[in-house]
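The listed protein sequences correspond, in order, to chains A and B. Counting in my numbering, the first sequence runs from 3 upward without gaps. Counting in my numbering, the second sequence runs from 3 upward without gaps.
There's no promise every hint is true.
If several chains are the same, the list does not tell them apart, and a pair holds so long as it fits within one copy or across any two.
Below 25 Å or equal to it, Euclidean Cα-Cα: the simulated DMTMM-like pairs (lysine to aspartate or glutamate) are [unchecked claim]:
hint, residue 1, residue 2
1, LYS214, GLU243
2, LYS724, ASP765
3, LYS293, GLU242
4, LYS276, GLU242
5, LYS724, ASP694
6, LYS209, GLU242
7, LYS724, GLU686
8, LYS26, GLU280
9, LYS726, GLU686
10, LYS794, ASP334
11, LYS353, ASP334
12, LYS276, GLU243
13, LYS34, ASP133
14, LYS60, GLU475
15, LYS726, ASP698
16, LYS293, GLU243
17, LYS794, GLU135
18, LYS209, GLU243
19, LYS705, ASP694
20, LYS353, GLU275
21, LYS455, GLU475
Read the hints as simulated data drawn from the structure, not as lab findings.
One-letter residues, chain by chain:
2 protein chains.
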Amino acid sequence: MPDKSSEQSLTPFGPARSSFKDAKPLSDDELKLYNRYMSACLYLCLGMIYLKKNPLLKEPLQLEHLKSRLLGHWGSDSGQVFTYLHFNRLIKKYDLDAFFISGPGHGAPAVLSHCYLEGTYSEIYPNISQDVEGMQRFFKQFSFPGGIGSHATPETPGSLHEGGELGYALSHAFGTVFDHPNLIALTMIGDGESETGPLATSWHGNKFLNPKVDGAVLPVLHLNGYKINNPTVLARISHEELEALMIGYGWTPYFVEGSDLDSMHQAMAATLEKCVTEIRGYQKQARDSGKAFRPRWPMIVLRSPKGWTGPRTVDTHNLEGYWRSHQVPIADVATNKPHLELLEKWMRSYKPEELFDENGTLVPELRSLAPEGNRRMSANQVTNGGTVRKPLRMPDFQDYAVDVEPGVTEVSSMSNVAFFLRDVMAANMHNFRLFGPDETESNKLGEIYKAGKKVWMADMLPEDDDAGNLAMEGRVMEMLSEHTVEGWLEGYILSGRHGLLNSYEPFIHIIDSMVGQHAKWLEVSSRIGWRAPIASLNILLTATVWRQDHNGFTHQDPGFLDVVANKSKDVTRIYLPPDANCLSSVMNHCLKSTNYVNVIVADKQPHLQYLDMESAIAHCSKGVGIWEWASTNPDEEPDIVIAACGDVVTKEALAANALLRKYLPDLKIRFVNVVDLFKLTSHEHHPHGLTDPEFDSLFTADKPVIFNFHSYPFLVHRLTYKRKGASNIHVRGYNEKGNIDTPLVLAIRNGTDRFSLAIEAIDRMPNLRNKASMVREKLRNEQIAASNYAFKNGIDVPDLRDFKWPYGSPGGKADSNIKETVGNKVGKNAQAPPAAAVIGASD
Amino acid sequence: MPDKSSEQSLTPFGPARSSFKDAKPLSDDELKLYNRYMSACLYLCLGMIYLKKNPLLKEPLQLEHLKSRLLGHWGSDSGQVFTYLHFNRLIKKYDLDAFFISGPGHGAPAVLSHCYLEGTYSEIYPNISQDVEGMQRFFKQFSFPGGIGSHATPETPGSLHEGGELGYALSHAFGTVFDHPNLIALTMIGDGESETGPLATSWHGNKFLNPKVDGAVLPVLHLNGYKINNPTVLARISHEELEALMIGYGWTPYFVEGSDLDSMHQAMAATLEKCVTEIRGYQKQARDSGKAFRPRWPMIVLRSPKGWTGPRTVDTHNLEGYWRSHQVPIADVATNKPHLELLEKWMRSYKPEELFDENGTLVPELRSLAPEGNRRMSANQVTNGGTVRKPLRMPDFQDYAVDVEPGVTEVSSMSNVAFFLRDVMAANMHNFRLFGPDETESNKLGEIYKAGKKVWMADMLPEDDDAGNLAMEGRVMEMLSEHTVEGWLEGYILSGRHGLLNSYEPFIHIIDSMVGQHAKWLEVSSRIGWRAPIASLNILLTATVWRQDHNGFTHQDPGFLDVVANKSKDVTRIYLPPDANCLSSVMNHCLKSTNYVNVIVADKQPHLQYLDMESAIAHCSKGVGIWEWASTNPDEEPDIVIAACGDVVTKEALAANALLRKYLPDLKIRFVNVVDLFKLTSHEHHPHGLTDPEFDSLFTADKPVIFNFHSYPFLVHRLTYKRKGASNIHVRGYNEKGNIDTPLVLAIRNGTDRFSLAIEAIDRMPNLRNKASMVREKLRNEQIAASNYAFKNGIDVPDLRDFKWPYGSPGGKADSNIKETVGNKVGKNAQAPPAAAVIGASD
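Isolated chain A, as found in the complex:
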């Protein structure tokens, strides 16, 4: 390793301040070994970035040994290598169950080098053997076409966190240790990452971690001072502020600062030992006493130079300790001879000939520094979570069936599924948790607290327990940070458990990018043979757009479905169950599934029920179907198809159906409901997609389809654009219009939109239009009257709220008398309402 003549100035405000700067836990011999192991790792890091041949530099370095295109990140490698190495010592000493999260995934060479030296890499990829040939392949494949990526990608053993998008290292770490009482997640957090919002709030995870039943997170905040082109905020505040910040976040910070290798080794060894001892002490105290409490858990601030152990300068530019060492540290080696020589000198300074034997195998005295078997962090089973995943013990969802008279029974689907979820939780008290940002009760899932309360490790008041449903050993995780709860859930399932996120639909866009990253992880993982399937990421969206009339325009956004629909068809599933029994059936399916992102959209308010359990199962299994009881002549070719996807819009469509049937009794109407959104697209685009003949058998190839959709109408068009009847599909959905901002206007629009829908149906049947002009007029007047009544009184339209399907059903008991509408009740003295008439027009 290059000589370091003097300690660098790492901070603008004075010398490094290590918490244990005088400790000397390591003997001189140990020091030498640790220096050599670190050299081995860093040599490999450079090899990955630069070499495709001559891996041990047995020959002088030549251009032909270099990769044609140099890719990779050097900046954080040394700090990560250093931390990992020292934790190995404690794993061996205390037989710890631990793994490593590389927040700055860009420093993947650090993780890969340890993984290779520990032997895990060769066990999984025998081709990458522990010899010169294997090392050469190991180097070449890095950032090489057909090889592996430059992050801690799914291909990397020991990784469950890629780090491509920054911000989630700590929330992922917490997720992995919940309900894993002996696990320690050693978590490197880059000082760049620490500036992100998701990371900044995730420190508060310690208010939700129970030392009695959960494991521990040991964060190492790595202040190497620079991002891509800027210093980092936390590296440029005073020691006192930084210490206060970590204390304020509820941690006990220990500092390891410097660039002198020997003293840094001593400081890190002492500090990590202190941390591990504290962690084990808190856990023992809680477990021996049976009383949980919130410790001020230890964390480490590691301040080391960016690109540590690299050349201090290249030509006149700073390299080590500066942002220039972020990526490939010397990029022009192919064209600059002196730089090539500098690189060779630098690589040789690690003395590869003393680290690897003649065959290219790590020498035994170094190999013995790493733990064995699954104690190796790169081989910890939780990082391949599917291998430790136990299937959920599932109650029979059919036991939660709602008795249904189609279109007449009214129930909150969400309240009903809460019973099912409660029992799922009760049957899986150690590997299922419910996550959400402060909305579980509001979302009518409060029943679940009977199986498991909300975890709360911060201070409590007497009323918190009973009235507040808080408990230290709870099973529901709530913090007002979609990022944090999503990150926890991802960590929880990635490490082999099961869970469900419930959230308001309008704010789920906050985690668009997180879900996208997880989908990408799944997409790649599912094609890697040794990665066992993990539980699906289940997202239940409620407080949906159509019931956000009271909160207004900012709370109306059903566009998450578009974001998910862009992700790989192999991992994305979207369900819009129309009623309670369908919701239970879909929920059961999703909870049992693996390796998907499942999105379920369901309203939480009471609303109409349509299918008994048997029909619901059949309907959900098909994913789309004709509802015969709501169609006039189920066996005949219809004049028009009324279709709906989504619960609120299904009711609206059914009400429009009833209007058409009332006024145009000869019309042949087919009613289609879609549960599984991807049924709409071609089977070539999504495995759930219908073939064209299947699609046409439902929607016809040439009849008008009035499609009432939960979300933005364009999503249906993009899924169906290739269908034969595409130009006949007229989608009604949500459009961004601020004039439905004012409260209740959306509700009134919904309450009267069945008239518009029926009118559009008439308008889309040219043969009918003139014949039906009286009906059209009548519908229009009813609509205006109903709308005016609601506007005047500041209420939603009672008429739709109270709508029941009046035409009965096979086995149903609905009578066929049609109620008078409110429109009739309030008379004909009607004007166009200010907004409802112009919004929600079909596109």
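Dock chain B against the given chain A, drawing on the hints supplied.
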């Protein structure tokens, strides 16, 4: 106001601890006045939530006086009212220029009540007059159809921050005070909101605020203890931790804690005065000395009961001081007589008859507590930013023209537009800033530092200035938090200035929801007559999907366009300029525009140039056009249309065009380029949309169109699904496929996709297919050879990198010799590449 017999226990860990608990700045008379003003506000808050008639309770409260549907939030009203009220005192005393940001926008009644009492509301809405009739309308319109929303919506004078989605109060506040040296943004932050990621990191804004040239943010962290259904984290940590947290964030925290009104008034008055004195002191010091520094700015922790001054309990349930007072505090007044009586008693406890005169006008001694004119926070001009906005002084973008030989010249469009942006900045040094998350240099915009460096108020090292381009008085704002820089930019433009965000395309999904919220604000604002237009939110996306081969799969996501396309057509614009001159033209247009969200997508690497400035202006003005020089028979009906939207994909399409022309010289090819994405949709769906005849004149109604698109192909389909030739439009774009994860594979795919594109073109012309089978075979072999060559050598395909348009152009100098492809060079010894053959297939 209800009597308070005893101080409540606000914390689980002992008594309230105000920083100035013994201060008595207010006389007894003042105390009485402040209590009465607060009563007036809170009375109005309840009136808004409950009443539609009998506003002053001159009659006994009856059911008929109540709104039919009760909506609104009470929980944070009292704390916000209290804070606002006390700041009024200091505005008057020191003639401060200040305004109020209501983080918990759900407490809009607090803001609205002040706004009404100050008279601003009646000035803007004369119908809501300062009398009984006006008050009745004021009450009724709140959360009433056709009225106003329950947040601090754009309709609310004095608001520039709605608060519908939580997390952005503080970043918005910082944005408003940059370059407004005398402005103070008094910013309420809910303790719920404080748990969000965006808020948690936005405290660090103080490292970017210069006391010499910027104004000040005074955050008031409002610990009322509860969210919707849970306690809040920051209310349940110890005083010591909370204090440390704020010190760690770089602030000086002062505490105002309690529930006893008189002592709270004294404490708040003393604390705010201390804060204002400190702020002015720091600013004076910096301005007098000419030396900027980072003060430890003051902030306030206000701990008061949720629903403060409401009934302590209702029946047996806690109300005041508990989460049950979050929303409508007593919801069943219409059906529960005792509760109605409780409400009446509660409302009367504020003694409205002593606050308002017989006419319903606030009594003069209270009215005089509020400031006058624009010193009223509700009337501060910056909250209607368009009124203080000065148009940018724009250099002529044509001066930055690149000389172009179409399809031959190579330039980095981004580096070129950097000169233009540099001069825009230099000409507008007080009202234009560039924002970005640590990527400005990487995005090749570093030239701009010559006009203004990066703002950095944290500690500095000697090398920061020259090598690092950091300065205290900089103009570029960089922090590794997309949330924070986006929030700053929004605040900056909402308060009347101009700016541009530059960001990596893959991570812009992080702020999907923020951009969505801003679009909603614009949509509503643009229909409010008194709101003047503000500068557009300009977002420049680069490091695009097609150049993310080295970072891999996690860095590939062009889906932000889908999110934006869902927002209102009245405020969304999306541009994909194909080259440097088009980029300059588009940039110029966007910077001058108002009230839009403009998204510009452009690659940062050097690439081919196509249009001279004159042609670029013409092309961008039309937004879409036929490139005659790249078409074979421009005046004739083509056999096939090759279209492209996006710079990288335009080059690829042009290369495919060249292949077709080489091998099928008789083919009539039309080449179309799209700059303005919304041209594709119908003019009925977007004001930029083409009519069907216009569309058909470009794309034909019946000929095959091979459309090479920058983003997910479905976006083109959703825009064009109604066009006559929709089923002939075959879109090639980005699809999520993890098998292009490994580095360079995407580059190789791009490097050889021109062959696939040409082959698809052949396959889409059934008459040609057999005739061209030899050509097809030849193209396929060339593709395989080129692909294998790149795979083997670990490089991208040099052939496409070096591609030049070989057919010249009017006035151009390109020769018509066609270079041999790499495929030919490396010979025919070819196999199918592992990935390139199966990906990127047209949908």
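Structure-based check of each hint:
1. LYS214 to GLU243: between (32 Å within a copy, 23 Å between copies)
2. LYS724 to ASP765: The answer is both: 24 Å in one copy and 18 Å across copies each meet 25 Å.
3. LYS293 to GLU242: between (33 Å within a copy, 24 Å between copies)
4. LYS276 to GLU242: Both ways: LYS276 and GLU242 sit 21 Å apart in one copy and 24 Å across, limit 25 Å.
5. LYS724 to ASP694: Classified as both; 9 Å inside a copy, 19 Å across copies.
6. LYS209 to GLU242: both (23 Å within a copy, 16 Å between copies)
7. LYS724 to GLU686: Both: 11 Å inside a copy, 22 Å across copies.
8. LYS26 to GLU280: within (19 Å within a copy, 47 Å between copies)
9. LYS726 to GLU686: Both. Shortest intra-copy (15 Å) and inter-copy (23 Å) distances satisfy the 25 Å Cα cut-off.
10. LYS794 to ASP334: Cα proximity of LYS794 and ASP334: across copies only (22 Å, versus 74 Å in one copy).
11. LYS353 to ASP334: Only inside one copy: LYS353 and ASP334 sit 23 Å apart there, 79 Å across copies, limit 25 Å.
12. LYS276 to GLU243: both (23 Å within a copy, 22 Å between copies)
13. LYS34 to ASP133: within (23 Å within a copy, 85 Å between copies)
14. LYS60 to GLU475: The answer is neither: 59 Å in one copy and 53 Å across copies each exceed 25 Å.
15. LYS726 to ASP698: both (8 Å within a copy, 21 Å between copies)
16. LYS293 to GLU243: So LYS293 and GLU243 pass the 25 Å test across copies only (22 Å; inside, 33 Å).
17. LYS794 to GLU135: between (82 Å within a copy, 17 Å between copies)
18. LYS209 to GLU243: both (22 Å within a copy, 12 Å between copies)
19. LYS705 to ASP694: both (15 Å within a copy, 23 Å between copies)
20. LYS353 to GLU275: Neither: 29 Å inside a chain and 65 Å across chains, both beyond 25 Å.
21. LYS455 to GLU475: within (8 Å within a copy, 51 Å between copies)
Violated hints, in rising order: 14 and 20; the structure is consistent with all others.
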